[in-house]
Structure formats: structure tokens, C-alpha cells
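Number of protein chains: 4
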Amino acid sequence: MDVDKKYFSNITSRERAIFEGAISMGALFHQFVGVPVSKSSKKGLEKAIEESLSLQPAIENVEAEIKFDKLEENMSGFDYTSLSGDMLDVTIYTKVKNAEAKIRIEFIEELNYPLMYVEDIKD
Amino acid sequence: MDVDKKYFSNITSRERAIFEGAISMGALFHQFVGVPVSKSSKKGLEKAIEESLSLQPAIENVEAEIKFDKLEENMSGFDYTSLSGDMLDVTIYTKVKNAEAKIRIEFIEELNYPLMYVEDIKD
Amino acid sequence: MDVDKKYFSNITSRERAIFEGAISMGALFHQFVGVPVSKSSKKGLEKAIEESLSLQPAIENVEAEIKFDKLEENMSGFDYTSLSGDMLDVTIYTKVKNAEAKIRIEFIEELNYPLMYVEDIKD
Amino acid sequence: MDVDKKYFSNITSRERAIFEGAISMGALFHQFVGVPVSKSSKKGLEKAIEESLSLQPAIENVEAEIKFDKLEENMSGFDYTSLSGDMLDVTIYTKVKNAEAKIRIEFIEELNYPLMYVEDIKD
Numbered sequence: 002m003d004v005d006k007k008y009f010s011n012i013t014s015r016e017r018a019i020f021e022g023a024i025s026m027g028a029l030f031h032q033f034v035g036v037p038v039s040k041s042s043k044k045g046l047e048k049a050i051e052e053s054l055s056l057q058p059a060i061e062n063v064e065a066e067i068k069f070d071k072l073e074e075n076m077s078g079f080d081y082t083s084l085s086g087d088m089l090d091v092t093i094y095t096k097v098k099n100a101e102a103k104i105r106i107e108f109i110e111e112l113n114y115p116l117m118y119v120e121d122i123k124d
Numbered sequence: 002m003d004v005d006k007k008y009f010s011n012i013t014s015r016e017r018a019i020f021e022g023a024i025s026m027g028a029l030f031h032q033f034v035g036v037p038v039s040k041s042s043k044k045g046l047e048k049a050i051e052e053s054l055s056l057q058p059a060i061e062n063v064e065a066e067i068k069f070d071k072l073e074e075n076m077s078g079f080d081y082t083s084l085s086g087d088m089l090d091v092t093i094y095t096k097v098k099n100a101e102a103k104i105r106i107e108f109i110e111e112l113n114y115p116l117m118y119v120e121d122i123k124d
Numbered sequence: 002m003d004v005d006k007k008y009f010s011n012i013t014s015r016e017r018a019i020f021e022g023a024i025s026m027g028a029l030f031h032q033f034v035g036v037p038v039s040k041s042s043k044k045g046l047e048k049a050i051e052e053s054l055s056l057q058p059a060i061e062n063v064e065a066e067i068k069f070d071k072l073e074e075n076m077s078g079f080d081y082t083s084l085s086g087d088m089l090d091v092t093i094y095t096k097v098k099n100a101e102a103k104i105r106i107e108f109i110e111e112l113n114y115p116l117m118y119v120e121d122i123k124d
Numbered sequence: 002m003d004v005d006k007k008y009f010s011n012i013t014s015r016e017r018a019i020f021e022g023a024i025s026m027g028a029l030f031h032q033f034v035g036v037p038v039s040k041s042s043k044k045g046l047e048k049a050i051e052e053s054l055s056l057q058p059a060i061e062n063v064e065a066e067i068k069f070d071k072l073e074e075n076m077s078g079f080d081y082t083s084l085s086g087d088m089l090d091v092t093i094y095t096k097v098k099n100a101e102a103k104i105r106i107e108f109i110e111e112l113n114y115p116l117m118y119v120e121d122i123k124d
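Protein chains in written order, with my numbering: chain Y, 2 to 124; chain B, 2 to 124; chain S, 2 to 124; chain F, 2 to 124.
What the hints contain is simulated information worked out from the structure, not anything from laboratory work.
Fair warning: there could be bad hints in the mix.
Pairs count within a copy or across copies, as identical chains cannot be separated in the list.
With a Cα cut of at most 30 Å, we get these calculated DSS-like pairs of lysine-lysine [unchecked claim]:
1) LYS123 to LYS68
2) LYS6 to LYS48
3) LYS40 to LYS96
4) LYS40 to LYS98
5) LYS6 to LYS98
6) LYS98 to LYS68
7) LYS123 to LYS48
8) LYS68 to LYS6
9) LYS103 to LYS48
10) LYS40 to LYS7
11) LYS40 to LYS6
12) LYS40 to LYS123
13) LYS7 to LYS98
14) LYS98 to LYS43
15) LYS68 to LYS7
16) LYS6 to LYS44
17) LYS123 to LYS43
18) LYS123 to LYS96
19) LYS68 to LYS40
20) LYS48 to LYS98
21) LYS44 to LYS96
Since this is a predicted model, take the numbers as computed values, not measurements.
With the rest of the complex left out, here is chain Y:
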């Protein structure tokens, strides 16, 4: 079966680059929010996030950063916290044919909301 032809011929490469990146962004948030994390485990978790999301269709690269200041604020008496959306600063790069999208999540203080948006798109 030609998956692209059967299921994706109704959208452009540019639209599909956005589509696949957005799926992975939703996946990121809802899969990993809640994971116990500390200063010492931060790097390994960032790497696991990057590696797992990179497996998904059309993903070229993932850069995950768990924000340190937020981490300290939320640190409980037990010296770790649960990963929450406001700690996430993650960029997902997708590529479908000539179209390339850069999808970002970052916490926007003014909105009190971890916003996902298309930071850059070209085709």
C-alpha cells in the first residue's frame, strides 16, 4: 500500500510537515508530563524525549530542554519534582519532501500557558 498516496494526497507537503510535527508535540506533552525529574536526571530525560520523538514519521530532529529555573521552583522536599508543561522548551524539526517545519513549545508567562506553535515553515 502506498500510504502517502492513499492517506495524505489531500494535503500539501507543507501541511503534512505541520501535521506530523504537531502530533509529536502533543505526544511529547501528554506522554512525559508527570515523569519524576531532578537536576541529576534532567539530561537523561531530555535525551530519552529526543530519541523517542525522533522515531515518529517525518521527524528530522528534536531539541528538548527542561527549564532549570522552573525545576528549582517546583522542587519538593523530596528533591525532585514531576515534569510539568511549564518546564518544557522543545523544538521539533520535520521534513516532508521540500517542506520543512519547526514546531516549538515554550511557556508563555503572559498567557500562563505552555504554547505550541509553528516557529518557522518553508517549502
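Following the hints, put chains B, S and F in place on chain Y, whose structure we already have.
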């Protein structure tokens, strides 16, 4: 702050309808896969999925079905199973200005994969 | 196979009542933290939590409450928030033969931590 | 506040070793099931699981193995799969004063169920 102007002026309404629906589809999968489910709890879980995803930006409607046949196959000796991707048949409807997208996840036997795709899009 | 004999004969009924309740409490937190929730979807989500956890071994009853005050504080500009550990007030009742345990999670302000503990146990 | 005195004086050290290990086992399953995983990302994910669970109270050590044979069976046409309960073989070691517990999850073919049980306990 005009969020739409600041963060979404680089994509069309059609692209944003795809973007927001795809985020919610990724969210669905990675948030709810793993939930214990049985024949008796199926309806309530479908409703909770529909209601929670409907809260996200640009989502007009969500229709969630947990596939019964798959459920029976996976039923353990304890009379329940964990929700897995191959049980999901969910449609998310988004609307951004005049653009409307219908995003679907369903298990494609031939691919052995729960595929997410844009079933319909208009603007 | 006699599962109880093969896998659980090394612990008492009282210990197993604690064991099964604690598993479900860990499940609760890490499955549902991150779910989008609003005032209008709160009831349905509480019910889905109760029904899904009740399916697990030895669980007699589950009472889930998503705390309203916390919910309002965390409400973003989009009129919903993501379920977080500090909103959870959940009691899980387990029974193994004559032993009965009541396991609780509630947010302890002084610890800045959603604590899970055995609120009551008898055998 | 003396947390142990206030919240845990009603159970023995042995019971608490079981309690804390069981919470982390429930956490493991419901946090990480659904993560995209492949042969190449397996090691990093096992490490992230071990490091995150080790942060929780009373956890001494965690040994996580994602079972390779299961992984291959479930591999989709996209060369990766979603982590499911039947791939998990994880042992969590807890210690509370003199009590030490070894909690295990492994898939039991005969039950078609990923069983969590107390593999060893001493005090």
C-alpha cells in the same frame, strides 16, 4: 497580547486547523493509552476522552470509539485490559475561521499501525 | 495456575491490600496527570478515574476528587488547565481476604508535595 | 513536620517498603506505556526509566529491561513501536529502615498479563 497575530500569522487558517487537530490527536494517544478499560467502563472513558480533548484550542467536536473486538482479544484473565493504540477509532473536528479539518486515528491492519491522518479538510 | 499461591504467598493479606492499592495510586497519578480539565469536564473525569482504577486487582472502591480551588488558580487564558498532582484528592479502598486498606493521595501544603499514604488499615 | 511519624506510623517498615515500591511500579507502567521505542532508542529509555523511578521515596535501585523479542513482534512498518506492558521486565528495590523489598513486573504468558508482585521481601 494578540496570540493569533503574534504566533500564528505565519500559517493559514487551513494549516492551523490541521495543526491544532494534530496536537490533540497526539495528546489523545499518549495521554490515554494504558488506562485500564473493560466493557463496562468503555462508555465513560470514551466520554472523558471526548470532553477533555474538546477543551483544547480550535477543537469543535470529538468522537471517540474504543473498538470492541480488539478489546475482547486483549482481555486478560482479570477481565480488563489496558487501552492500546489499536483499539482507538477517534475523529477530531477543528475549525479556524473558515477552515475546517477532520482528523482521524484508526488502526490500519495492513500497516499494523494506528494511523493518524487528515480525513477531510476544507476552507 | 493459582496466581495467589505462586506469586503472593510470601506476603500477608494486609501487605497485599497495601501493595495493590499503592500500585493503583501510582497508576492514577502517572496516567491522568496532564489530562485537559475544566469546571465542566471535572465530574466526567473523576468518574472515568474511579471506573478505570476500580478494574484493577483487589480494588473495592475509588473516590476521586479534583480540587476546585487549585483548578481555578491554574486555569489558563484558554479556560482549562492540565490535571496536576496538587489537584488530586483520591481515596482507594482495597480488600484482600479479611484485610482492608484505605490509600489516600492529597496535596500537603507544608511539603509542597502530593503525598500518598495508608490512611487506614485493618485485618 | 515529621512525615514518617505523622503519615506512616500505622504501618511497619516492611509494609512501607512494599507500599513505596508498588507506587513506583504503578507509576512506571502508566507513565511510560505508549512511548515510541526502537532497537536503537531502547537503552536510553531503559536508563531514563531507571533514573526517574529512582528519585521516588525509598527506592534504592531500579533495573529496567525492555524485552527485545516482544519489541520485534510489535514493530510496525515504521520501524518502531509503542512501549506496552508486555515488553516490561522491571525490578524495583526499596529499603525502609531494615526492611528491603524487591518488586517485579514481568509478562506472564499463561495469564496474558503483565503481573506486578513482590519477588522478595525481608526485614
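Verification of the supplied hints:
Taking the shortest Cα distances, LYS123 and LYS68 sit within 30 Å of each other inside one copy (28 Å), while across copies they are farther apart (39 Å). When the C-alpha separation of LYS6 and LYS48 is checked against a cutoff of 30 Å, the pair qualifies neither within a copy, at 34 Å, nor between copies, at 33 Å. For the homomeric pair LYS40 and LYS96, the shortest alpha-carbon distance between copies (23 Å) is at most 30 Å, but the shortest distance inside one copy (33 Å) is not. When the C-alpha separation of LYS40 and LYS98 is checked against a cutoff of 30 Å, the pair qualifies only between copies, where the shortest distance is 26 Å, while the shortest distance within a copy is 39 Å.
Both within a single protomer and between protomers do LYS6 and LYS98 lie at most 30 Å apart by alpha-carbon distance, with minima of 14 Å and 28 Å respectively. In this assembly of identical chains, the alpha carbons of LYS98 and LYS68 never lie at most 30 Å apart, being 33 Å within a copy and 34 Å across copies at closest. Within a single copy, LYS123 and LYS48 get their C-alpha atoms as close as 27 Å, which meets the 30 Å cut-off; across copies the closest is 36 Å, which misses it. Taking the closest pair of Cα atoms, LYS68 and LYS6 come within 30 Å of each other only across two copies (26 Å); inside a single copy the shortest separation is 40 Å, beyond that limit.
Taking the closest pair of Cα atoms, LYS103 and LYS48 come within 30 Å of each other both inside a single copy (19 Å) and across two copies (28 Å). Only between protomers do LYS40 and LYS7 lie at most 30 Å apart by alpha-carbon distance; the minimum there is 29 Å, versus 46 Å within a single protomer. For the homomeric pair LYS40 and LYS6, the shortest alpha-carbon distance between copies (28 Å) is at most 30 Å, but the shortest distance inside one copy (46 Å) is not. For the identical chains of this complex, LYS40 and LYS123 are neighbours neither inside a copy (36 Å) nor across copies (32 Å), given an alpha-carbon limit of 30 Å.
Within a single copy, LYS7 and LYS98 get their C-alpha atoms as close as 17 Å, and across copies as close as 28 Å, so both meet the 30 Å cut-off. Only between protomers do LYS98 and LYS43 lie at most 30 Å apart by alpha-carbon distance; the minimum there is 29 Å, versus 34 Å within a single protomer. In this homomeric assembly, LYS68 and LYS7 come within 30 Å of each other (Cα to Cα) only across copies, at 23 Å, whereas the closest approach inside a single copy is 41 Å. For a Cα distance limit of 30 Å, the shortest separation of LYS6 from LYS44 qualifies neither inside one copy, at 39 Å, nor across copies, at 34 Å.
Proximity of LYS123 to LYS43 under the C-alpha cut-off of 30 Å is found in neither arrangement, the shortest distances being 32 Å within a copy and 33 Å between copies. For a Cα distance limit of 30 Å, the shortest separation of LYS123 from LYS96 qualifies both inside one copy, at 10 Å, and across copies, at 23 Å. Proximity of LYS68 and LYS40 under a CA criterion of 30 Å is satisfied in both settings, with 10 Å inside one chain copy and 29 Å between copies. Within a single copy, LYS48 and LYS98 get their C-alpha atoms as close as 27 Å, which meets the 30 Å cut-off; across copies the closest is 34 Å, which misses it.
Proximity of LYS44 to LYS96 under the C-alpha cut-off of 30 Å is found in both arrangements, the shortest distances being 26 Å within a copy and 26 Å between copies.
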